Amino acid sequence: MMRYLPLQPEDRATMLARVGVADIDALFADIPEARRLREPLPMPRAMSEPAVERALSALAGRNVAAGSVPFFLGAGAYRHHVPATVDHLIQRSEFLTSYTPYQPEIAQGTLQVLFEFQTQVALLTGMEVANASMYDGSTACGEAMLMAHRVTRRRKAVISGGLHSHYAEVCATLARFAGEEIDLAAPDPLAQEDLVGRIDDQTSCVIVQTPDMFGNLRDLSALAEAAHARGALLIAVFTEVVSLGACRPPGDMGADIVVGEGQSIGNALSFGGPYVGLFATRTKYVRQMPGRLAGQTVDADGRRGFVLTLSTREQHIRREKATSNICTNSGLCALAFSIHLTLLGEAGLRRLAEINHANAVDLAERLEAIPGVELLNKHFFNEFTIRTPRPAAALVEALAGRGIIAGCPVSRLAPDAGLDDLLIVASTETNSDEDRAAFARGLREALS
Amino acid sequence: MNNQGRPTRPAESGAVETRTFTGNRGLDIEEPLLFEIGRVETTGVDFDLAPSHADRLGPHARRDPIGLAGLTEPETMRHYVRLSRKNYAIDSGLYPLGSCTMKHNPRLNEKMARLPGFADVHPLQPVSTVQGALALIQQLAQALMTMTGMSAVAMPPKAGAHGELCGMMAIKAAIAAAGEGATRNVVLVPDSAHGTNPATTALIGFSVRSVPAGADGTVSAEAVRAALGPDVAAIMLTNPNTCGLFEREIVEIAEAVHAAGAYFYCDGANFNAIVGKTRPADLGVDAMHINLHKTFSTPHGGGGPGAGPVVLSQRLAAFAPVPYVIERDGRFDWVEQAQAQELGRMCAFHGQMGMFVRALAFILSHGSDGLRQASEDAVLSANYVRVTLSDLMSAPFGDRPCMHEALFDDSWLKDSAITTLDFAKAMIDEGYHPMTMYFPLVVHGAMLIEPTESESKASLDLFLMTLRDLALRAKRGEVERFLGAPRLAPRRRLDETRAARSPVLRWTAPKFAQAQSPV
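Here the protein sequences come in this chain order: A and B.
Residues -11 to 436 (my numbering) make up the first sequence, in order.
Residues 81 to 599 (my numbering) make up the second sequence, in order.
Don't read these hints as lab results, they were simulated from the structure.
Please read all numbers here as calculations on a predicted model, not as lab measurements.
Hints may be right or wrong, so weigh each one.
Claimed, not checked - For lysine to any residue, the following SDA-like pairs were computed, each having C-alpha atoms within a straight-line distance of at most 25 Å:
1) 309(A) / 191(B)
2) 272(A) / 582(B)
3) 191(B) / 34(A)
4) 309(A) / 265(B)
5) 309(A) / 190(A)
6) 555(B) / 519(B)
7) 272(A) / 357(A)
All chains, please: the whole structure from these sequences, using the hints.
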């Protein structure tokens, strides 16, 4: 039984004879004799397609799918509706089963998509240039920090307490191993921290998120000015890309590098990955930028075409002098992002953002009306933070028991911050009026 | 940097005889950029009504137009279907890219990854609502440990290079914990290594010491011993190596590395050749990433996403990143906060779940018998390629059997005025994706062919006949066929020099039109 292997026993015999060996093990003769496996691996034998389907469906069935319940969890990954067209197109053989476009004559499809993707990301973020995507928002954030070190030749990053704690931890890990320094502010649910006071002549960059982890919208203009005055870069981060349909883009506020998570457009929650990291910057820094870039050129007949370019930054050419060790982008997720954004267009993205905002405001008002519940945010997009009279983690468990996924307790992301009474709540276009009513009712009952 | 003279500018072109009014050629349709056909007012998505609401954006509301082009659904479909047809793909033909492992991507795996219980689950849901997801991660982790014989596995890394980073950080953490952080800061990297190896090494502050490959294409224990010293933290060795050869002295190398107090990092990019034949743990490996998109066939997707879990030996297990799954009384839970020694967090959330589902489906479908058969078929097919071409093309390491890929150099083209690049581009006109060119760097004008286990004998024979025809023509001096190739692809050779000298990295509105329309 092996439906995936075209060689038949008689083919193998013919081929072994051509190669001139007696049996297949002769081709593995370089493996030291004593280290060869004599027995099959202690694993189950091959399974039929229906048997695999049964086994995996059983595992899937033990998870609560977001779409089956009123669902209000965000905190870095967001449930949005993805048009059927997107999933159909990304499963086209020519997109799904092609490699990195190293042979541009027969990869113009992927290359033109990447060129269009780069343009979309640059426009959305208000920046001049974007790369062909990173693994995800958090690793894009870490790479942005390293890029700022290269640009400024300094080694200390100031990190806002509003940055998603996973992103801050990724930066901390990289900094620790690359021998660099970070100055990490305490979690800042009210967006009241003073980052300007932390910037000094050693600061390479300030990393700040809007909407931040708690949902606050932040104006970065003054911070950008202060950073620039001391020769540091401003790195702006977002985890909810749909917010850019309604909110001022970081490029408008003086950001030098903009990074974020693109999952919200085109990509499923998928329990945390694969996602698509967005990375944009100013043209003057492009040669310090990590990751792949598609660029426009002409072919031998003078016709417009696209290639991977500026690869002298990359590891396969530069080896230990490369800007990054990154070798892949998140091609298929970038494609999904680009198709979904093409379907939306500017008009659709603005409408989608407006509905998200409307749903979140509606939910915030319903929750705020519950005795003991306090809304912390002055300005927010589709996510906000409430203070609850009981530990948020216990409330989330209680509501999960009633079939409602209520949000993310801050204690899950920052367990030592002493913010156990805070709950981060998101509402997108996928929530109905009944969903929001059920949440408000459930929370009221859980608190009474 | 382009150290073997790979041409980056197209040769002078002859006249094209097949001009049409439209620029289209039969099924090959020219497709404008999205921004040349879309409009800011157009959308392909309809929405439900929103509740009326107060505005809470305040001064943060967007003021200026974005400039994003939109298309309706039928226009979107046509734009991307037309673009897709300009791509070569495994589903349409043999894709012999050495070191990349372009094997068949079973569609069952796609179907499984899209089950709502996997695709529509949020990474921060209460653990009581994701027990099946955690069980799946555990099951895949167990399978990877069984195949490699290793003690632990870190699942979060998002790609092979990210896995390298994870493994090397674990090694650095272990060295620091032993109080040797100040003295051990050199990593041995063979000349034949993937570029990611030295790049990863440099990223975390180690310096690189090259180890030369021997005349037979492998690294000798003697060369490693000569490079070892009290300053060495680790060796990064690919096995099977990038020349497609199994490192014969690997056990001796591992013993020498361990005796010197250093660690053995194995680049597992080529694990697909040896699954079920030997286990990395038995070869002395301390850490190895596994490219799920190679060995276990999660789709390459035009350049990702990948996934690169790292298996770890007992002495590195304590230095793994967070998060990881634990099991208590039949119930699964996360450890999300790093303990003192652990290396911390490498990415948000838990890793490439969508790829985990696909890889596990691949592993279950094959089973222990199928996995071993796949390795054997991949190695047999590569040797069949090697032997069938050996009288026409030159193999740098003689008649020695290869593993899953066959390597040739360009000495057989020496007097022909045809380069490896020209030969590869001529393959495109014959309907094939070229092999990997100019890698590994240790071989002049390298051509690395990896047929994988997914080709039938008939498919291999046709491919080999085509290569033999081309090789004979090259030897006969029919240079025109090669220098102008490809002629029949959607594009002819592209000017890479121009692309890099004056980069155009995004679309911008033509100046005369800007005043009339934002797009």
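Outcome of the hint check:
no.: 1; hint: 309(A) / 191(B); verdict: violated (41 Å)
no.: 2; hint: 272(A) / 582(B); verdict: holds (13 Å)
no.: 3; hint: 191(B) / 34(A); verdict: holds (19 Å)
no.: 4; hint: 309(A) / 265(B); verdict: holds (17 Å)
no.: 5; hint: 309(A) / 190(A); verdict: holds (23 Å)
no.: 6; hint: 555(B) / 519(B); verdict: holds (23 Å)
no.: 7; hint: 272(A) / 357(A); verdict: violated (50 Å)
When the structure is compared with the earlier hints, violations turn up for hints 1, 7 and for no others.
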